[in-house]
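J.: Spelled out, the chains give:
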Amino acid sequence: MTRLTRALGTVFAVLVGLFLIAPVAVTVASSLTTTSYVTFPPQGITLRWYAEVFGKPEFLSSFVLSAGVALAAAAISAVVGLAGGLAIHRYRFPGRGALEAVLSSAFAVPTIVLGIGLLQWFAQMGLASSPLTLLLAHLVLTVPYAVRLVLAGLAGLDRSAEKAAAGLGAPPFLVFWHVTLPAVRGALVGGAFFAFITSFDDLTVALFVVTTDLQTLPVRIFNYMQYDYDPTVTAIGTLMVLFAVVAVVVIERFVGVARLFGADTDHK
Amino acid sequence: MAAVGRLTGDQVSRPANHPRRRTGLLLALPAIVIFALLFVAPLFTLVANSFRTQTGAFTIGNYARFLGDPFYREVLWNTLKVAALTTVGCLLIGYPFALYMRGRSPRVRNWLALLLLSPLLISMVIRAYGWLVVLGPNGPVAGVLAWFGITPPQLLYNDTAVLIGMVHVMLAYMVLPLMGSLDRIDPTLVPAAKGLGASGWTCFWRITLPLSAPGMLAGAMIVFSLTASSFVTPAILGGPKVKLMPYFVYTQATTTLDWPYAAAIGFVLVVVTTGLLLGYSRLLRRGRGEVVFG
Chain A
1 MTRLTRALGT
11 VFAVLVGLFL
21 IAPVAVTVAS
31 SLTTTSYVTF
41 PPQGITLRWY
51 AEVFGKPEFL
61 SSFVLSAGVA
71 LAAAAISAVV
81 GLAGGLAIHR
91 YRFPGRGALE
101 AVLSSAFAVP
111 TIVLGIGLLQ
121 WFAQMGLASS
131 PLTLLLAHLV
141 LTVPYAVRLV
151 LAGLAGLDRS
161 AEKAAAGLGA
171 PPFLVFWHVT
181 LPAVRGALVG
191 GAFFAFITSF
201 DDLTVALFVV
211 TTDLQTLPVR
221 IFNYMQYDYD
231 PTVTAIGTLM
241 VLFAVVAVVV
251 IERFVGVARL
261 FGADTDHK
Chain B
1 MAAVGRLTGD
11 QVSRPANHPR
21 RRTGLLLALP
31 AIVIFALLFV
41 APLFTLVANS
51 FRTQTGAFTI
61 GNYARFLGDP
71 FYREVLWNTL
81 KVAALTTVGC
91 LLIGYPFALY
101 MRGRSPRVRN
111 WLALLLLSPL
121 LISMVIRAYG
131 WLVVLGPNGP
141 VAGVLAWFGI
151 TPPQLLYNDT
161 AVLIGMVHVM
171 LAYMVLPLMG
181 SLDRIDPTLV
191 PAAKGLGASG
201 WTCFWRITLP
211 LSAPGMLAGA
221 MIVFSLTASS
231 FVTPAILGGP
241 KVKLMPYFVY
251 TQATTTLDWP
261 YAAAIGFVLV
271 VVTTGLLLGY
281 SRLLRRGRGE
291 VVFG
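Respectively, the protein sequence lines represent chains A and B. Note that UniProt numbering has the first sequence beginning at 1, numbered continuously upward. Note that UniProt numbering has the second sequence beginning at 1, numbered continuously upward.
One chain only, chain B, in its complex shape (with noise of 0.2 Å):
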């Protein structure tokens, strides 16, 4: 039946094909435009731009001088850090969480999606903002460790304040990926094993958490790039002292005005970020997964 169909279809759409494909690239000209003039011609005139000098004679010095500088070489350490670090965060978090939701009637488990979303969903200013107060002197967590007699310690503008609000938004990105490969478990594995006398510890160790695995693989690739090129949270947690490479993309061309090597800085970061997601994004196709970022 559907062959057949296929079939008619195939003799329909023939002597017709020449309007099809016009049809076809008349509905998608208005995204190839946008994403031709606005996307690709912008990410090509910056990597051009990387290779030049503020004059726009062509120099590989932006590059040269980002590699050669042993404080940039220490902003591209420490991007990388908090990236890592917070992966790890979001990994300790977000595995007891996501088996906790597993657990869950499918009405909970939606209930806990959203709450884990809805960071993302907020205004990042305003989310930010929310833990300058939370952080800050006069918030709560100021207030309990007042209340028990000890000294809060400086809680912003530093890697703490940037890995917390880093994890907070990330959480999301971790744990979802990572319930698609808990649910793909066969969920006679674990009972069976217990009858075969395996204590809870190891059907986690043996069977739950290496089965898991590519769940935590996507989640962590996501977090980490995500994290290294975020700007705003960690702007407004960090501050200056913080040394990440986005906030030397804004102030390079914002306020420097090195366009050129603003650039520069911005592409090494699509190198080290889009990189690895495509290649694993390229890695899961070939596999069977679907992709989850965004």
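For reference, chain A alone in the conformation it holds in the complex (with noise of 0.2 Å):
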């Protein structure tokens, strides 16, 4: 009996496993195909539509776009998030509890409502669409996890070790240096890294932001796809998940990965 329902167990999550890993799977497998569209199994094996990728300068352009993007993305939340996380955590100022209010309400705000929000706001305030709106846009998607992160990394420091540190004789600059920044460093890491996937990957808010010529790769494929049908998108997809992978390598190295999405994994 028991037997029985430890295989069960074991076949039930294999299932949830494939299903889970499906879309990615088929996805790689598919880019390979030498039909000239998309089928699974492949039939044959072939890198000419990764080829095909490179040799479409619209892609590349919108990679550059999109990296940029990002990369600006990743480093301003970083310090942002540092800086307002250290603020929440250590210091009494006036806004105190709304910017926490707001931090956190950001989580559970629809990511369409607030792209029609910019859509309207910009237009508003007369700015035009370009990198740097697409830049902002995407701060208020990030900021928030990287405020989540050093807030639980400044959790776990403890602070007798700063107060150590001083009472030694340490200026406030090297405590900060040498025993503060290297608590929050993992946070700081892998959140800069999630700001980076959360902008490269972002369609949702981007779509509202950008225009015809100014389109990032989730824009250029989510166009590309309502005409084409051939596997270039795939090849796209295999590279972006190969980026994906590093990301998520990187996250689950200096913070974890569950932690980022708010659950607490460690077991006492």
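It should be emphasised that the hints constitute simulated quantities derived from the structure, not laboratory data. Backbone N, C-alpha and C define an ideal beta-carbon position, used for all residues, glycine too. Keep in mind that a hint or two might mislead.
[Claimed, not checked] Computed footprint of chain A on chain B; a stretch qualifies when at least three of its residues, placed anywhere within it, have a C-beta under 8 Å from a C-beta of chain A:
no.: 1; segment: 62-74
no.: 2; segment: 90-97
no.: 3; segment: 105-118
no.: 4; segment: 138-146
no.: 5; segment: 205-213
[Said to hold, decoys possible] Using C-beta positions, here's what the derived DEER-type ranges look like:
no.: 6; chain 1: A; residue 1: G44; chain 2: B; residue 2: S105; range: 38 to 46 Å
no.: 7; chain 1: B; residue 1: L257; chain 2: A; residue 2: R253; range: 44 to 52 Å
no.: 8; chain 1: A; residue 1: R6; chain 2: B; residue 2: L217; range: 23 to 31 Å
no.: 9; chain 1: B; residue 1: R184; chain 2: A; residue 2: G44; range: 48 to 56 Å
no.: 10; chain 1: A; residue 1: V249; chain 2: B; residue 2: G197; range: 48 to 56 Å
no.: 11; chain 1: B; residue 1: W111; chain 2: A; residue 2: G44; range: 27 to 35 Å
no.: 12; chain 1: B; residue 1: V108; chain 2: A; residue 2: V249; range: 12 to 20 Å
no.: 13; chain 1: B; residue 1: R184; chain 2: A; residue 2: Q226; range: 27 to 35 Å
Fit the two chains together into the complex; they arrive one by one in their own frames, and the hints show the way.
T.: Structure follows, in structure tokens:
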């Protein structure tokens, strides 16, 4: 009886695992097909569709735009997240409660609503679409995660270490550099990488902010998909998955992916 | 010792209170500016615009139109239906999966959590595209069915496709809070009940299930509201035939160019989803658990 339930459990878990990896596995596999349409299992093996990707200048320019905006979003989120996290954790200042409330409600406001709000607000301010407006929009998506991770990092820091360093005569800057910063380093690296993939992968907000001559990679793919069903998209998809895998390995190494989503997987 | 530390801390900080407040404000300033200008202001604009006509006069007509039009009432109903079905789907797959995870070593659990979260870390366009291939006419599902001599039914561009795609992304949001609840159950309860003669099923129905209710509820709330407001996955897998609110926010804003109406639909969506989430997180904070959504 117990052996049977165990076996059933394993079968069930394997099925769920297959379900979870199915779209990615199928995308990666069918990017190798020699047919001019997408099919699984792939027929034959070719890297033709990868060559095709690099032969399309519009995909390359979209990649450069997406990567540039994502890098800037990652760097700015890390800095703003560190400063904001420190302020919320350590100081009392006017607007602290409001800032905390806004940051936590940012997780709950639908991205599509944010997208249309930004569209109307930018129009009202007379701001034309540019990489800058895209970056600004993405900061709203990424900064709350950065702050959340920094706060988690600071919560784990024993303040007596800072007091000891200060008591032994270290000036505030050195205390920060040698004691505080190392405690949140993981949070900063993880937060920055997460900001990078969030910005790099965002489609919902970008759809509202971009124009026809300013298309991020996801927008480009989304538009391409409406008309073409050739395996080029599967090749790009595979490349983006590789990108994400690198980011995930780094995040997992520094903070743990689950913590990013607010879950606590540490077990007593 | 701690009390002494706090006391000296206060003594030091009280005369220097103003500079400390200033430092805090200065550090928080970038975040405050970003969120005031790019989050609060756009949302206020949106609400304000939803009460305007296209020419700018005040009206409540956009809301009256949404609630008065049977077509849009059906859109609202369908949005709630798909979100509810996704929630049920996540619960049916997620609960046994959480139970399975609970019995594994911490290492395996970590890998399983990563597996669950992997759909969230992959570009949503690519993920949805992958489902187009999986469920498409040349995909593995159609292939397996054909092998058994079954003509594959239309798997794409309907509610079922959206449901499959949504359960796939949302599963983690159900399982992780559920794990939190299951982990908090006193591990001696089940053996104690068994010692008193309860069967495995009784233990499950009378102990595990009721005690994991908070996690189920948290997961259900998050899954429901995130599903109701997602746009990309339903748009790609369901197409225009699957009528959901986010799709109409998008088309009203970019194709029809009726911004006030798009704003009104968006705001109804916020009330449905965010209201639910914020209300729930407030409940949680008043209780004990941590808020788990993202």
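J.: Each hint needs a verdict: does it hold in this structure or not?
T.: Taking the hints in turn, this is what the structure says about them:
Residues of the segment 62-74 of chain B lying with their CB closer than 8 Å to a CB of chain A number 0, which falls below the three-residue condition for coverage. Counting residues of the segment 90-97 of chain B whose CB falls under 8 Å from any CB of chain A gives 3; the rule of at least 3 is met. As drawn, the segment 105-118 of chain B meets chain A at 10 residues by the rule of a beta-carbon pair under 8 Å; at three or more, the given contact holds. Residues of the segment 138-146 of chain B with a Cβ under 8 Å from some Cβ of chain A number 4, which satisfies the need for three, so the listed coverage holds.
Counting residues of the segment 205-213 of chain B whose CB lies closer than 8 Å to any CB of chain A gives 0, which falls below the minimum of 3, so the coverage claim is violated. At about 42 Å, the beta-carbon gap between G44 (chain A) and S105 (chain B) stays in the expected band of 38 to 46 Å. Distance hint check for L257 (chain B) and R253 (chain A): the Cβ-Cβ separation is about 47 Å, which falls inside the suggested range of 44 to 52 Å. For the pair R6 (chain A) and L217 (chain B), the supplied restraint of 23 to 31 Å holds, since their beta-carbon distance comes to about 29 Å.
Distance hint for R184 (chain B) and G44 (chain A): a CB-CB separation of about 53 Å, consistent with the stated range 48 to 56 Å. Look at V249 (chain A) against G197 (chain B): about 49 Å separates their beta carbons, and that is inside 48 to 56 Å. Range check, W111 (chain B) to G44 (chain A): Cβ separation about 33 Å, and the 27 to 35 Å hint holds. For the pair V108 (chain B) and V249 (chain A), the supplied restraint of 12 to 20 Å holds, since their beta-carbon distance comes to about 18 Å.
About 47 Å separates the C-beta atoms of R184 (chain B) and Q226 (chain A), a value inconsistent with the hinted range of 27 to 35 Å.
Checked against the numbered hints above, the structure breaks hints 1, 5, 13 and satisfies the rest.
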